[in-house]
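Q: Chains as they are written, first to last, in numbering that gives the first Met the number 0: chain A, 0 to 469; chain B, 0 to 96; chain C, 0 to 461.
Any given hint could turn out to be false.
Restricting the straight-line Cα-Cα distance to at most 25 angstroms, the calculated cross-link-like pairs of lysine to aspartate or glutamate (DMTMM-like) are [as the list claims (entries may be wrong)]:
#1 C:195 with C:205
#2 A:97 with B:15
#3 B:56 with C:426
#4 B:56 with A:319
#5 B:82 with C:72
#6 C:16 with B:17
#7 B:6 with A:5
#8 C:16 with B:15
#9 A:81 with B:65
#10 B:82 with A:319
#11 A:267 with A:5
#12 B:63 with C:245
#13 C:125 with C:281
#14 B:10 with A:319
#15 A:81 with B:17
#16 B:63 with A:93
#17 B:22 with A:330
#18 B:19 with A:255
#19 A:44 with A:5
#20 B:56 with C:281
#21 C:53 with B:61
#22 C:125 with A:319
#23 B:6 with A:454
#24 B:30 with A:350
#25 A:429 with A:372
#26 B:30 with A:93
#27 B:6 with A:357
By construction, these hints were calculated from the structure, which means they are not laboratory data. If you're wondering where the values come from, they're calculated on a predicted model, not measured in any experiment.
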Amino acid sequence: MKTILEYQEEFKEQGTTPLNLLENCLKNIDPSLNAYITVTKDLAKKGLEKNVEGKVKGIPIAIKDNINIKGVPTTCASNVLKGFIPTFSATVIERIEKNGGIFIGKTNLDEFGMGSSTERSYYGPTKNPFDLTKVPGGSSGGSAAAVACGSAIISLGSDTGGSVRQPASYCGLVGLKPTYGRVSRYGLVAFGSSLDQIGIIGRNAEDVGILLEVIAGCDPKDSTSSSKEVDDYSNLNTIPKDIKIGIPEEYFKQIDPQVHSLVMKIRKALEGEGISLKSVSLPTTNYTIPTYQVISYAEASSNLARYDGVRYGLREEGEDFHDTIRKSRDEGFLSEVKRRILVGTFVLSSEAIAEYYERADLIRRLITQEFNEVLKEVDCLLTPATPTPAFPIGERTDDPIRMHVPDRLTAGANLAGIPAVVAPAGMIGKLPIGYQLIGKPFDEKRLLSIVRLVEKIAPFKGFLKEVKDG
Amino acid sequence: MREVDIKHLSKLANIELDNKEEKLLQEDLNKIIKHIRKIQEVEVKTIPGTTHLSIEKLSFREDKKEEPLSVKEVLSNTQNPSKNHFTINRMINEDDS
Amino acid sequence: MVEYKPTIGIEVHVQLKTNTKLFCGCPVGFGDEANSNVCSICLGLPGVLPSLNKKAVELAIKAGLALNCEIHEKSIFARKNYFYPDLPKGYQITQYRFPIATDGKVLVEGKEIRIKRVHLEEESAKSIHEEDKSLIDYNRSGIPLIEIVTEPDIDSPDMAIAYLKTLQKILQLENISGAVMARAEFRCEPNISVSKEEGKLGTRTEVKNLNSFKAVKKSLCSEIKRQIEILESGGSITQATIHYSEETGKTWEARTKEESSDYRYFPEPDLPPLVVDKEWIEEIRNSIGELPAKKKEKYVELGLTAEDAKIISNSPGSSLLFEEILKIIGDPVEISKWILRDYMSLGQPDISAENFAEMIKMVADGEISRNAGAEVLKEMVESKKTPEQIVKEKNLIQISDSTTLETVLLEVFEECPDELNRLKEGEKKLIGFFVGQVMKKTKGKADPKEVSRLISEYEKKY
């Protein structure tokens with residue numbers, strides 16, 4: 000399992016060439032997984048020809064198909080964006096290009112990022128490379144599957160309520176959701192604007208740290224991006240010995256006992272290094288899901304109003320303008336998106352807004368306050384990433400409430416705008432399962448350093464496929 | 000509990016729904032809203048107010064011209080432009096802008 | 000019979016004088032080729048985010064200050080959600096609960112009109128309607144606007160016009176906006192109700208699509224009439240949008256849409272709170288407050304008395320005109336006299352600086368008398384004709400030719416022998432009398448200076 004730095008060392012030593020690596024990655028694309036919506040072979044080859052120097056030179060990267068690459072279709076896994084080709088690239092894409100990275104393809108997702116299984120895609124479900132009958136997680140399931148099966152070294156996803164971290168857990172990978180504002184959202188198709196962050200799914204902490212260094216940083220085009228300086232996130236080999244980690248009891252309720260024991264193993268390993276772990280409490284955890292639903296659905300209902308077929312995308316002609324829009328949107332959106340738009344419309348409507356949206360906004364502040372208080376006593380939190388490993392395809396498709404259950408562990412970090420990372424804890428049968436670290440604002444370096452430490456003291460043995468050398 | 004008026008919502012959200020969809024979605028929505036109502040339990044009166052979590056304040060852009068897209072690029076994603084305009088069916092009973 | 004009293008409030012949308020749009024760097028133009036000033040952001044493509052134009056904020060603050068508002072150091076952008084082809088995102092970014100300025104006032108013909116609020120928002124696109132389809136041009140989409148809303152303090156259509164003209168002048172003077180209605184830079188939406196009862200307001204209607212001050216006045220008069228007719232016949236007014244036709248001069252209720260819009264306002268998540276610090280506000284305030292005071296200084300330097308300079312500099316309409324005329328012809332003192340004596344007493348109407356300057360020149364050159372000049376001014380305001388046209392039509396050319404005048408003078412001397420004797424005996428004040436008589440005989444066309452001179456010469460002889 001080579002790291003980005005190791006590959007680049009090889010390029011220098013003239014072992015593998017970037018072209019070899021790309022070709023091997025392409026060979027590892029398994030159509031039955033349905034991880035990709037668009038494979039961008041020519042774009043990748045052109046990128047290699049440009050021979051740009053940089054931190055991710057020659058590294059094939061998969062991009063979730065809700066992040067724009069100029070000239071390449073962006074579908075968001077939706078029929079409503081049929082034929083749409085963006086006239087600009089996302090800021091993160093430009094930064095990767097400037098650093099020599101190449102794009103292997105656009106990966107499958109739950110439509111517009113709405114879902115936790117990558118089943119709700121106009122292009123069909125993606126399968127978990129560890130077990131084809133199971134979901135890879137969602138909504139960044141395609142990005143996770145692409146990396147887990149060796150067709151990409153690392154990938155970008157987006158995380159609004161857990162959409163990078165949960166797939167990382169189900170696919171045995173490291174998934175990082177940065178602090179809100181750490182990475183520019185310009186060029187990410189918006190779902191829940193105050194919650195969305197572009198995240199990274201990779202095979203180890205150092206790789207993730209390298210890519211974070213490339214994409215993080217203030218962007219004048221994104222007014223919510225932070226001007227805080229970018230850390231050296233790839234330099235992960237030291238942790239101060241006196242750090243304290245909290246174990247929030249509410250996050251360990253209703254968890255599969257095997258998941259529980261795997262996370263406890265991680266705990267023991269850390270304690271073995273002299274790190275102190277103590278019990279803490281986050282009572283508002285119970286309200287995480289409904290608060291997340293109200294806010295994200297409300298924002299989504301507004302963000303998705305632009306899909307009316309007038310300037311781009313699917314247009315179904317009707318009798319007049321309003322009729323045309325209504326038909327186009329009916330035809331263009333799958334049912335989960337419709338559900339969320341309608342609920343979002345409801346919670347913002349004049350009769351309901353005070354009781355629902357405004358109230359949820361207040362509870363969000365409460366949740367944030369609580370995290371901030373607890374993170375004064377400890378430096379970060381250790382929790383399970385998901386209550387169970389990957390569930391079977393089709394099990395929860397018709398149950399919108401059950402589909403949200405894993406969000407209870409992940410959406411809190413989005414509501415509070417704080418960083419969180421998931422990394423593999425171990426295997427349950429043939430399926431991997433992750434643990435999660437939640438941290439203080441802009442403390443990604445510390446979180447990744449702890450993951451790096453765990454990689455050393457309790458290495459994960461479950462990777463699927465080596466990307467073969469040329 | 001107030002039943003969700005799906006007809007009203009689908010009008011506001013501009014999504015056409017056939018009868019079957021309407022029924023299914025009505026049920027789904029009732030379920031979801033019931034679940035969301037949990038937030039009514041929380042004591043909210045004492046939470047201090049700001050509308051945003053982000054402590055950053057809005058940064059400004061200088062009033063300098065930037066190159067717009069070419070007309071071709073602007074129209075590149077629409078199917079039936081006319082005289083360099085986007086077209087839609089006639090709007091009935093609408094105000095002129 | 001108790002009269003119905005109208006109550007009017009006005010909303011004006013003003014296009015700010017910036018180089019670029021409110022949330023993107025696209026140029027602001029007018030009449031450019033369709034869809035040539037458009038980018039991913041103002042087109043609302045998936046993935047774009049707004050980026051706020053500093054100059055637009057500055058001008059909004061300036062407008063607030065010029066209208067004596069309180070400027071809020073923190074204000075919030077909000078989304079107003081509705082569907083329309085001219086609205087690319089399916090929502091408009093505006094300000095709702097926390098606008099940038101509130102609680103201002105402006106003096107209009109001696110009455111204080113309270114300004115409820117001034118806030119920033121983005122303009123929508125332009126649509127052209129054809130037989131079977133509509134065409135949309137996004138050049139206008141995203142242009143910076145401020146919306147200025149008054150309290151219902153206006154009590155007549157005439158006052159509404161006076162308010163609008165005052166507002167327009169302020170915006171032009173402070174370089175906040177070109178404020179030209181024909182270029183869609185200044186859009187008025189008055190709302191109006193009538194009531195017989197003191198202190199009780201009727202149901203109000205809102206008039207839209209007005210393209211000139213004339214249309215504003217006429218539509219309001221028509222709407223007042225329409226409302227009174229309904230109320231008198233026992234009916235009631237429905238809160239509706241009103242359309243006005245310039246051709247028929249009539250107003251009527253627009254067909255109400257099936258659902259009245261629920262805009263579902265919520266704070267714009269892509270824009271943190273707009274914070275403007277005290278220093279910046281003061282800087283902007285100084286750039287306004289400086290204007291009348293600095294102008295006064297300048298005018299005094301040009302030769303006006305302090306009193307005259309003060310009056311003109313404090314009136315946006317007059318000072319603007321004064322300076323424009325000054326650019327065309329010199330003689331600030333002479334111009335100021337015309338402004339103070341004649342222009343202001345006419346109510347500071349709309350008038351072309353070129354024509355005004357031309358008239359003043361004609362008087363200064365002796366082509367027409369001062370009285371004739373005043374007459375020409377009045378006529379110019381009413382008919383918009385040029386001074387040359389008016390002078391020709393009314394035959395106002397002054398008689399300055401001494402031979403002609405002498406002839407008339409001699410006639411007058413013959414007709415008034417007693418007064419002539421008294422003049423010969425030294426009653427100098429009779430010069431005025433004789434000037435008057437000559438003016439009478441020449442129907443005001445005689446050049447009084449010349450007449451006066453001739454009389455004095457004559458007097459010297461004797």
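Q: Next step is simple, just say for each hint if it's right about the structure.
A: Now the hints, each set against the structure:
Simply put, residue 195 of chain C and residue 205 of chain C have alpha-carbon atoms about 20 angstroms apart, close enough for the 25 angstroms limit, and the pair holds. Restraint check: the Cα-Cα separation between residue 97 of chain A and residue 15 of chain B comes to about 44 angstroms, which exceeds 25 angstroms; the hinted pair is violated. A C-alpha spacing of about 81 angstroms is found between residue 56 of chain B and residue 426 of chain C, which places the hinted pair above 25 angstroms, so the restraint is violated. For the suggested pair residue 56 of chain B and residue 319 of chain A, the alpha carbons sit about 43 angstroms apart, so the restraint of at most 25 angstroms is broken.
Restraint check: the Cα-Cα separation between residue 82 of chain B and residue 72 of chain C comes to about 45 angstroms, which exceeds 25 angstroms; the hinted pair is violated. A C-alpha spacing of about 48 angstroms is found between residue 16 of chain C and residue 17 of chain B, which places the hinted pair above 25 angstroms, so the restraint is violated. Between the alpha carbons of residue 6 of chain B and residue 5 of chain A the distance comes to roughly 58 angstroms, so the proposed pair goes past 25 angstroms and is violated. Taking the CA atoms of residue 16 of chain C and residue 15 of chain B, the gap is about 41 angstroms. The hint is violated against a cut of 25 angstroms.
In summary, the hint linking residue 81 of chain A to residue 65 of chain B is not supported, as the alpha carbons are separated by about 29 angstroms, beyond the 25 angstroms threshold. For the hint pairing residue 82 of chain B with residue 319 of chain A, the CA-to-CA distance comes to about 20 angstroms; that is within 25 angstroms, so the pair holds. At roughly 30 angstroms between alpha-carbon atoms, residue 267 of chain A and residue 5 of chain A are farther apart than 25 angstroms, so this suggested pair is violated. A hinted pair counts as satisfied when its Cα atoms are at most 25 angstroms apart, and residue 63 of chain B with residue 245 of chain C does not qualify at roughly 40 angstroms.
At most 25 angstroms may separate the alpha-carbon atoms for a hinted pair to count; residue 125 of chain C and residue 281 of chain C exceed this at roughly 37 angstroms. Taking the CA atoms of residue 10 of chain B and residue 319 of chain A, the gap is about 15 angstroms. The hint holds against a cut of 25 angstroms. Our distance criterion of 25 angstroms between C-alpha atoms is met by residue 81 of chain A and residue 17 of chain B, whose separation comes to about 22 angstroms. Taking the CA atoms of residue 63 of chain B and residue 93 of chain A, the gap is about 22 angstroms. The hint holds against a cut of 25 angstroms.
Proximity of residue 22 of chain B to residue 330 of chain A is assessed by CA-CA distance (about 17 angstroms); at most 25 angstroms being required, the pair is judged to hold. Pair hint residue 19 of chain B plus residue 255 of chain A does not hold up; C-alpha atoms about 37 angstroms apart against a cutoff of 25 angstroms. Restraint check for residue 44 of chain A and residue 5 of chain A: the C-alpha separation of about 21 angstroms stays at or below 25 angstroms, so the hint holds. For the hint linking residue 56 of chain B to residue 281 of chain C, the alpha-carbon distance of about 20 angstroms falls within 25 angstroms, and the restraint holds.
Simply put, residue 53 of chain C and residue 61 of chain B have alpha-carbon atoms about 6 angstroms apart, close enough for the 25 angstroms limit, and the pair holds. In summary, the hint linking residue 125 of chain C to residue 319 of chain A is supported, as the alpha carbons are separated by about 18 angstroms, within the 25 angstroms threshold. Of the pairs offered as hints, the one joining residue 6 of chain B and residue 454 of chain A is violated, with about 54 angstroms between alpha carbons and a cut-off of 25 angstroms exceeded. The hinted pair formed by residue 30 of chain B and residue 350 of chain A meets the criterion: a straight-line CA distance of about 18 angstroms does not exceed 25 angstroms.
Pair hint residue 429 of chain A plus residue 372 of chain A does not hold up; C-alpha atoms about 39 angstroms apart against a cutoff of 25 angstroms. With a C-alpha separation of about 43 angstroms, the suggested pair residue 30 of chain B and residue 93 of chain A falls outside the 25 angstroms cut-off, and the hint is violated. Distance restraint check for residue 6 of chain B and residue 357 of chain A: the Cα-Cα separation of roughly 24 angstroms lies within the 25 angstroms cut-off, and the hinted pair is therefore satisfied.
Hint compliance for this structure: hints 2, 3, 4, 5, 6, 7, 8, 9, 11, 12, 13, 18, 23, 25, 26 are broken, all remaining hints hold.
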